[in-house]
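As they're listed, the protein sequences go chains A and W. Per the numbering used here, the very first residue in the first sequence carries number 1; after that it's consecutive. Per the numbering used here, the very first residue in the second sequence carries number 1001; after that it's consecutive.
Be aware that a few hints might be false.
Unchecked claim - Short, incomplete list of chain A residues facing chain W, as computed with Cβ under 8 Å:
1. G174
2. G243
3. E314
4. T413
5. A444
6. G454
What the hints assert, rightly or not - According to the in silico footprint, chain W covers these stretches of chain A (three or more CB under 8 Å from chain W):
7. 257-270
8. 369-380
Bear in mind the hints are in silico, worked out from the structure with no lab data behind them. Built from N, CA and C at the ideal position, the CB exists for glycine as well.
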Amino acid sequence: MDVEALTAVLTPVLPEGAVITDHQRLRTYECDGLAQYRVVPALVVVPETAEQVAAVVAACAERGIPFVARGSGTGLSGGALPHADGVLIVLSRMRAILEIDRANQRAVVEPGVINLQLSNTTRPDGYYYAPDPSSQQVCSIGGNVAENSGGAHCLKYGFTTGHVTGLELVTPAGELLRIGGKAPDAPGYDLLGAVVGSEGTLGIATSVTVRLTRTPESVETLLAAFPDTDTAGQAVSSIIGAGVIPAAIEMMDALAIEAAEAAVHCGYPAGAGAVLIVELDGAAAEVRHQFDQISEYCTAAGAFEIRIAQDDAERALFWKGRKSAFAAVGRISPDYIVQDGVIPRTALPEALRRITALSVERGVRVANVFHAGDGNLHPLVLFDDAVPGEAERAEEVSGAIIDLCIELGGSITGEHGVGSDKAKYMPRMFTADDLDTMQLVRCAFDPSGIANPGKIFPTPRMCGEVPGRHQGAHPLVEAGLAEQF
Amino acid sequence: MSTPTATDLLPRLSDAAAGAVREGGDGDAVDGMPCRWVVSPADTPGVSAVLRVAHDEGLAVVVRGGGTKLGWGSPPERLDVILDTTRLDGLVDHAAGDLIAVVGAGRRLDDLQADLGAASQWFAVDPARRGTLGGLVATADGGPSRLLYGPVRDLVIGATMVRADGVVAKSGGKVVKNVAGYDLGKLLTGSLGTLGVITEVAVRLHPVAPAHRYVTVPVVSTRHAHALVQGVIHSHLVATACELDQPADGAATLAIRLDGIRPGVEARTAGALELLGAGAEASDDPPAWWGTEPGAPGDVRLKLTHEIASVTALLDIVAEASDRASVPVDVRGSVAVGTVTAALRAAHHQHDRAAVADLVDHLRAACSRSVGASGAGGTGGSVVVRDADPETKARLDVWGPVPALDLMRRVKHQLDPTRVLAPGRFVGGI
């Protein structure tokens, strides 16, 4: 790509200093939250308006130059990994909360607005933005839209896709469109449903209309300590089996607890082989009754200590250990891989037993932190990169855990996205026809394949041809010896 | 391609559907357009085989489940084959402990709810017209409980579809939390069978609450309606549903449904009686109109969407349009979600389709005014014609203005470039 030519085109349409070409400054954008992948982009732009974003994308489209959008850069799948011959479009200067519309239970925000900042702004009025990824203090709403972010409380409240009712979108062709709005059910296809979670491959959101959720009347949180993950898992099954859907059920195993204690001194019960954090929210009369029920299930399953948060400060302490768990693992291991897989909740005991077996067999330590209510595992695979062979063994164990999730009927990612990291696993979960069909949708949005190329799909599809009448894939394609476009 | 004849095609369709093919009859017409054949494949490969024949021969295919909403959308441009899904009716999997089910698209919703009820679970939709699961997904028509449980698309966690060219594709999966790949289930939801044939759907389930109550209150004015809705949504009542019934020539009523455990529901019922004020009454049973469509068979029905703070504007606009056209209009629906159905009474419009067309135009113009803080502006929503006899539809713009239509056309073109699936049924003639 001709960087100078593109710079000359973009400089006049962008604010002063919004086009970055200096190599040292470009290097600061070389990775997102998954630092093992690093690519220095050819050019970085920092637009301030939707029109500027559209102008940048249009310039890319005209020249067939790839572009990648980036919010806060906290993603854990390399979704915002730059393209060496492309433009990185950084949305961090677009961080205005444009409108809080309490009467409609909506807010309109620019993509760079920080997730928690929105909730902090609306909470005094009795509202918050429900999706709460662990990185919510720093991650952007635009990034959440791209990744369809979840969080601990999505067990009850759902993911980003259920909370976005409208988008202003710059398509990969450079068109500035509005889809959805404050009202539901705009006539036509559910383009919102396609775009949210498409990991920046179908366009760039320049304004996001979100649903605000009423803050619950009552919140109760308990921390229960169990001798092991089996008994904790039994408590989870009893709770769900009784028809209770808590706001969150989180589990940590002994190694994860050890790490959290070392890092943030959360003071979890000593000697626990597993802890559960269970949070209930809703109408006060309901929460009180169900909370008692949940305590009983925990005791019946074998909990040896149950603590109930007496106030918001204690609740925050319970959560501190959990929310800091990924980073805390750094205290007990020089290096680690954060895995993100999903299994059916009822397969939890089997999955944990098999992860333990893998860990023992390969001599690789695995700490487990997960959203137990919805079967979303976050095994942390520990290794020391300084020891030859450890990184490879850790990578193998991590991959074997993903295979296990697929085998048990789950998914290769529950919330971190496919990105650069897991594109290679997609064919294990989907057939070539499944992936081809998804890419047909991509072709409708991005016929030149310039929006975040190389993410999600292991093999790009050329667009524009009429699908043939072929009866299944060519044998060479099946054998992986050729690609058919 | 040469014009195929019945003698050529019948055996091929019959092979594809393992003999389950017959000539179309009067009852198989769609919006007055007769079909040539009705095929009823028994499984996904059968659907694929039928679509390959249709694709090769340029036959137009309309998918039919229970047939309860087949009149929605524009009349098809052409119609050769009705693809009847009712044999795809298996309950493939009900993982009660995981609160999910995998279900054949042709399974009747009532049957599915009966299956799930045995485990004290349900698929949290309660539409007025209950046909098949596939039909529900294709029309995205959920019902009052959408307020709490979300729209149909949020409950669909995986889908198997057959593309127009016969290729079978899955997306999503059997777990609720899953962000691997594009969520094609959402794109299919509400697409009226124009992007692919849904053959199997994985859905998220919810436990059936042990107790419920309804609280109903008379509504004295359009401003009162707005105040009540605002009261409900900003409260801590956690209503499952909040429905308004506004008959053309009678008093309006607002009703909410509360679900939960007995002591919780009782406490919230007391709160609701206080909040809703004069005349509010609690009951175990819903009002007679609850969860049904307004009007009578034969009425022209419209789906109106609105911002939830525009209830006054919505009701005032409907009343004004109704007076202007001298067509009585009944309104009913989920005012705290922002979707209602309006029924234009048949007796008054049979001989005056122009009045109906004029009324729809007027509604669209008024609803699209900018939303005013005073409630005197528009509604921020859309007006879509659902049920109307073919002659009336011919005089109407069924869909009205559609934002991002060009992008939608591109999506259709990629998935069904030769327009095999329900040509002309969807927005912009898609």
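Hints, verified against the model:
Annotation: interface hint on G174 (chain A) violated; nearest CB of chain W at approximately 13 Å, more than 8 Å. Annotation: interface hint on G243 (chain A) holds; nearest CB of chain W at approximately 3 Å, less than 8 Å. A cut of 8 Å between beta carbons decides the hint on E314 (chain A): the least distance to chain W is about 23 Å, and the hint is violated. The interface hint given for T413 (chain A) is met, as the beta carbon of that residue sits about 5 Å from the closest beta carbon of chain W, less than 8 Å.
Contact between A444 (chain A) and chain W, as hinted, is supported at the beta carbon level, the nearest pair being about 4 Å apart and thus within 8 Å. The criterion of a C-beta within 8 Å of any C-beta in chain W is not met by G454 (chain A), whose closest approach is roughly 15 Å, and the hint is violated. Coverage of a stretch by a chain is defined here by at least three residues with a beta carbon nearer than 8 Å to that chain's beta carbons; for the stretch 257-270 of chain A and chain W the count is 0, and the condition is violated. Check result for the stretch 369-380 of chain A against chain W: holds, 4 residues qualifying (beta carbon to beta carbon below 8 Å, three or more required).
In this structure, the earlier hints numbered 1, 3, 6, 7 are contradicted, and the remaining ones agree with it.
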